[in-house]
Amino acid sequence: MTTLHRQQASRGRILFCCLLVLLWDNGTGQIHYSVPEEMEKGSFVGHIAKDMGLEPRELSERGARIVSRGKKQHFALNGRSGSLVTTDRIDREELCPGAPKCLLNVEILLQDKVKIYGIEVEVIDINDNAPRFQEDEVDIEVSEHEAPGRKFPLPNAWDLDVGTNGLQSYQLSPNSHFSLHVQSKADGAKYPELVLERALDREEEPVHHLIVTASDGGNPAHSGTSRVRVTVLDANDNAPVFTQSVYSVSIPENVPVGTWLLSVNATDPDEGVNGEVTYSFWNIHSKAKQVFELDSHLGSISTIGHLNYEESGFYEMEVQAKDNAGFFARANVLVTVVDVNDNAPEVTIASLTNSILESSPAGTVIALLNAHDQDSGENGQVMCSIPNNLPFKLEKSYGNYYSLVTSMALDREQVSMYNITVTVTDLGTPPLSTDTHITVHVADVNDNTPTFSQTSYSAYIPENNPKGSSLYLVTANDPDIEENAQITYTIADDIFQGAPLSSYVSINSETGVLYALLSFDYEKFRDLQLRVTATDSGEPPLNCSVSLTLFILDQNDNAPKVLYPIFPTDGSSGVELAPRSAEPGYLVTKIVAVDGDSGQNAWLFYSLLKATDPGLFSVGLHNGEIRTIRSFLDKDALKQNLVVAVTDKGEPPLSATVSVTVVVADSIPEILSDLSIMETPEANDNSNLTLYLIISVASVSCLFFAFIITLLGLRLHRWWRSHLLGVGSDKFVAVPASQFVDSYGVQAFLQSYSHEVSLTTDSQKSQLVFPQPNYADTLLSLRSCEKNTPLLFSGDSEFSKGNQNVIQVSPFLCHFTTMRC
Numbered sequence: 000m001t002t003l004h005r006q007q008a009s010r011g012r013i014l015f016c017c018l019l020v021l022l023w024d025n026g027t028g029q030i031h032y033s034v035p036e037e038m039e040k041g042s043f044v045g046h047i048a049k050d051m052g053l054e055p056r057e058l059s060e061r062g063a064r065i066v067s068r069g070k071k072q073h074f075a076l077n078g079r080s081g082s083l084v085t086t087d088r089i090d091r092e093e094l095c096p097g098a099p100k101c102l103l104n105v106e107i108l109l110q111d112k113v114k115i116y117g118i119e120v121e122v123i124d125i126n127d128n129a130p131r132f133q134e135d136e137v138d139i140e141v142s143e144h145e146a147p148g149r150k151f152p153l154p155n156a157w158d159l160d161v162g163t164n165g166l167q168s169y170q171l172s173p174n175s176h177f178s179l180h181v182q183s184k185a186d187g188a189k190y191p192e193l194v195l196e197r198a199l200d201r202e203e204e205p206v207h208h209l210i211v212t213a214s215d216g217g218n219p220a221h222s223g224t225s226r227v228r229v230t231v232l233d234a235n236d237n238a239p240v241f242t243q244s245v246y247s248v249s250i251p252e253n254v255p256v257g258t259w260l261l262s263v264n265a266t267d268p269d270e271g272v273n274g275e276v277t278y279s280f281w282n283i284h285s286k287a288k289q290v291f292e293l294d295s296h297l298g299s300i301s302t303i304g305h306l307n308y309e310e311s312g313f314y315e316m317e318v319q320a321k322d323n324a325g326f327f328a329r330a331n332v333l334v335t336v337v338d339v340n341d342n343a344p345e346v347t348i349a350s351l352t353n354s355i356l357e358s359s360p361a362g363t364v365i366a367l368l369n370a371h372d373q374d375s376g377e378n379g380q381v382m383c384s385i386p387n388n389l390p391f392k393l394e395k396s397y398g399n400y401y402s403l404v405t406s407m408a409l410d411r412e413q414v415s416m417y418n419i420t421v422t423v424t425d426l427g428t429p430p431l432s433t434d435t436h437i438t439v440h441v442a443d444v445n446d447n448t449p450t451f452s453q454t455s456y457s458a459y460i461p462e463n464n465p466k467g468s469s470l471y472l473v474t475a476n477d478p479d480i481e482e483n484a485q486i487t488y489t490i491a492d493d494i495f496q497g498a499p500l501s502s503y504v505s506i507n508s509e510t511g512v513l514y515a516l517l518s519f520d521y522e523k524f525r526d527l528q529l530r531v532t533a534t535d536s537g538e539p540p541l542n543c544s545v546s547l548t549l550f551i552l553d554q555n556d557n558a559p560k561v562l563y564p565i566f567p568t569d570g571s572s573g574v575e576l577a578p579r580s581a582e583p584g585y586l587v588t589k590i591v592a593v594d595g596d597s598g599q600n601a602w603l604f605y606s607l608l609k610a611t612d613p614g615l616f617s618v619g620l621h622n623g624e625i626r627t628i629r630s631f632l633d634k635d636a637l638k639q640n641l642v643v644a645v646t647d648k649g650e651p652p653l654s655a656t657v658s659v660t661v662v663v664a665d666s667i668p669e670i671l672s673d674l675s676i677m678e679t680p681e682a683n684d685n686s687n688l689t690l691y692l693i694i695s696v697a698s699v700s701c702l703f704f705a706f707i708i709t710l711l712g713l714r715l716h717r718w719w720r721s722h723l724l725g726v727g728s729d730k731f732v733a734v735p736a737s738q739f740v741d742s743y744g745v746q747a748f749l750q751s752y753s754h755e756v757s758l759t760t761d762s763q764k765s766q767l768v769f770p771q772p773n774y775a776d777t778l779l780s781l782r783s784c785e786k787n788t789p790l791l792f793s794g795d796s797e798f799s800k801g802n803q804n805v806i807q808v809s810p811f812l813c814h815f816t817t818m819r820c
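Under numbering that gives the first Met the number 0, the letters of the sequence shown match residues 0 to 820, in that order.
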């Protein structure tokens, strides 16, 4: 029964292995992770669920597990996080000793779909091993008569780590007799040697204690030490003697590596240790040292490399026999190499043209070749050939000489260089062949015109650019090379706004960078059209042209300009009138401003900066209209000073301010008296007080007479106007308006407003009455407004001067105003 169960279990394992092989063939590509060695158990390796395209919970749901195949597994699946973790501490030196790369393979099986995923985990080396010497203590014996310069081998150190973490250098403790020499072998291993620098004296110091330190390149670096004890021996008086002064041998060049050639023999008449002899090459060429090897104890010479008769048919070397005291003897060894047919044919280039013009005709000679073989007979007969897909061919000229010529015209822009492989094959059995590579450069001819990447260019330049600043870069390409591709850029000279283009811009002839010679002004011109020409330096020169348009972008370099109100130039103060009976929203006046910029740089916004009574007036944000916020009160001052700011929307914004004086009154005497008070100087001199009082009385009298004359004039004007209106009312059609730009950049017009003003007189007072305002859609002409009779007083406020200083009505209100008595 037990045997039957074992057979069934064995069959199940075989079927499972076959299933794994099938699943591995159908699995996806390998997933690669890397993890440093010596990490703690349970350390994170990689997000295996994410890399398999699954959610972490799907690993458990789909029955994911690692297939062990009977091997120890260093990794495990974390079903909760969906990651691959370590199951134990991994030692790279134990798993992959000496290997430059340590890779561990993990296979994960998804049982629900029976699918295998291959994972490759690279274990990264860390500097966890220090260099160690093969021997912790070394004893060296040196005769006191040993000449300086003798070398003594030292044990080499080894490091289990690899790369920069491995062994890097040796150091010797400071001393006055020895130095350290490090030799590097072909495999990269380093071997230290102790060199005698100064003669020893046993009676002075019989033993020298040294320390050799080996260090690796890790961070931090680790090191290991070995103690060296040098014992100075007493000298003896006998040197070894060779049995022959010259040893010779002949050998074919095709002998295998390791073939024994001969043995040398030297004897020392001394006894014991002083009679022991060691052999070494003393005078040997570096090439011979790579071919021959000498047994230091037996004196036998054998090959360690392949012989080549064609390289060297004869070797001469010197062998030295040395006893332990340092005495030595030397003998010559002569090795003759016998020739064997083992040479491949060779190609000698007798003449070569490395460069050929692309315009050269077919049949142009490129090179003259000579094919030869150092062997003889059929082994020395050769054949020469080149690939068939090149525009070249070989023509045999004389003997084993071949001419390499062109078979068709060449085009440098398609292929600028050809690498031609010339194959020479001998007729031996088996045939030997040699490849020779010839590089042919196709020289350029100026057969291509410079071309621009675009048919036209455009650039956008902000105005007020600094003089000398770079504006744009135009680049033309020429498939040719050297001088034929050296492009010079120029600007076609033309006249723009009465001046040559060369006074506006210049171009760097080598780089194609366009520079500004002056600062552009958007308000003067909006674009500048150029024509750039690119000319190569070939012979003859070729050129092409392209158009370039520079569009000037507006900047906020113009502050708003107030067009209305315009203050008189004779020193008088302009004011606006508002009746005390005005209701909230009453239009007092309108600020009109323009901006020389465009776009949002010309969008204007109006704001009230300062006012005598801030709660009495408001300014329209976009239209600049000054309106009353509330009705006038008796306590409100007759004179209201307003400061309005006009700001554009540029970056940074620019602004202008305008002062507006609004007089609030219902009677002429009230206006006159208040204006007289306003114009009275604030600082009075006590010494001139009497003079000022006399002048004030005279001014009031003059104002009274001027007021009577004004009433008569207004009555006559009303009578004339009533007759004039009776004839025809078409004389008051709309007057042409001045055009401005409002804050939105569209055309705006000034509106005119008419008021009916009635003046009543009685024995008590004269009263100026403002009925409900009548708004008209009539356009205002500033020119006609400026010609009307002033309503306000001049700067000296002397009303006694008569009719010369009369009230100046604002241009905004100067038209269509009637007076009633």
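The reader is advised that the hints may include incorrect statements.
[Said to hold, decoys possible] With a straight-line cut-off of 30 Å between C-alpha atoms, the simulated DSSO-like cross-links for lysine-lysine are:
| # | residue 1 | residue 2 |
| --- | --- | --- |
| 1 | LYS560 | LYS638 |
| 2 | LYS114 | LYS70 |
| 3 | LYS114 | LYS49 |
| 4 | LYS648 | LYS560 |
| 5 | LYS100 | LYS71 |
| 6 | LYS40 | LYS189 |
| 7 | LYS71 | LYS150 |
| 8 | LYS395 | LYS466 |
| 9 | LYS112 | LYS150 |
| 10 | LYS638 | LYS609 |
| 11 | LYS523 | LYS466 |
| 12 | LYS71 | LYS49 |
| 13 | LYS648 | LYS634 |
| 14 | LYS466 | LYS288 |
| 15 | LYS150 | LYS286 |
| 16 | LYS288 | LYS150 |
| 17 | LYS392 | LYS523 |
| 18 | LYS100 | LYS49 |
| 19 | LYS286 | LYS184 |
| 20 | LYS150 | LYS40 |
| 21 | LYS114 | LYS150 |
| 22 | LYS100 | LYS150 |
| 23 | LYS70 | LYS40 |
| 24 | LYS560 | LYS523 |
| 25 | LYS189 | LYS71 |
| 26 | LYS71 | LYS112 |
| 27 | LYS100 | LYS114 |
| 28 | LYS184 | LYS288 |
| 29 | LYS71 | LYS114 |
| 30 | LYS100 | LYS70 |
| 31 | LYS184 | LYS150 |
| 32 | LYS49 | LYS150 |
| 33 | LYS560 | LYS634 |
[Unchecked claim] Distance ranges between label pairs, derived from CB positions:
| # | residue 1 | residue 2 | range |
| --- | --- | --- | --- |
| 34 | LYS560 | GLU509 | 53 to 61 Å |
| 35 | HIS284 | PRO390 | 21 to 29 Å |
| 36 | GLN72 | ASP135 | 37 to 45 Å |
Since the hints were derived computationally from the structure, they do not count as laboratory data. Predicted model, so just to flag it, every value in this text is computed and none were measured. Built from N, CA and C at the ideal position, the CB exists for glycine as well.
Check whether the Cα positions of LYS71 and LYS112 lie no farther apart than 30 Å. Holds - the C-alpha atoms of LYS112 and LYS71 are around 25 Å apart, at most 30 Å.
Hint check: LYS114 vs LYS150, CA-CA at most 30 Å. Holds or violated? 65 Å, violated
Regarding the pair LYS395 and LYS466, is the alpha-carbon distance no greater than 30 Å? This hinted pair is violated, its Cα atoms lying about 69 Å apart.
Between LYS648 and LYS634, does the CA-CA distance stay at or below 30 Å? 39 Å, violated
Quickly compare the C-alpha distance for LYS392 and LYS523 to 30 Å and report which way the hint goes. Violated, at about 69 Å.
For the pair supplied as a hint, LYS288 and LYS150, confirm whether the alpha-carbon distance does not exceed 30 Å. Since the Cα atoms of LYS288 and LYS150 sit roughly 18 Å apart, the hinted pair holds (cutoff 30 Å).
Keeping to a limit of 30 Å between CA atoms, is the pair of LYS112 and LYS150 held or broken? 70 Å, violated
Do the alpha carbons of LYS184 and LYS150 lie within 30 Å of each other, as the hint requires? 17 Å, holds
Should the hint that GLN72 and ASP135 are 37 to 45 Å apart at their CB atoms be regarded as holding? With a Cβ separation near 38 Å, GLN72 and ASP135 satisfy 37 to 45 Å, so the hint holds.
Between LYS523 and LYS466, is the straight-line Cα distance small enough, at 30 Å or below? Holds - the C-alpha atoms of LYS466 and LYS523 are around 17 Å apart, at most 30 Å.
LYS100 and LYS150: Cα distance at most 30 Å? Violated - the C-alpha atoms of LYS150 and LYS100 are around 37 Å apart, more than 30 Å.
Would the pair LYS648 and LYS560 pass a check requiring their Cα atoms to be no farther apart than 30 Å? 14 Å, holds
In this structure, the earlier hints numbered 6, 7, 8, 9, 13, 14, 17, 20, 21, 22, 25, 32, 33, 34 and 35 are contradicted, and the remaining ones agree with it.
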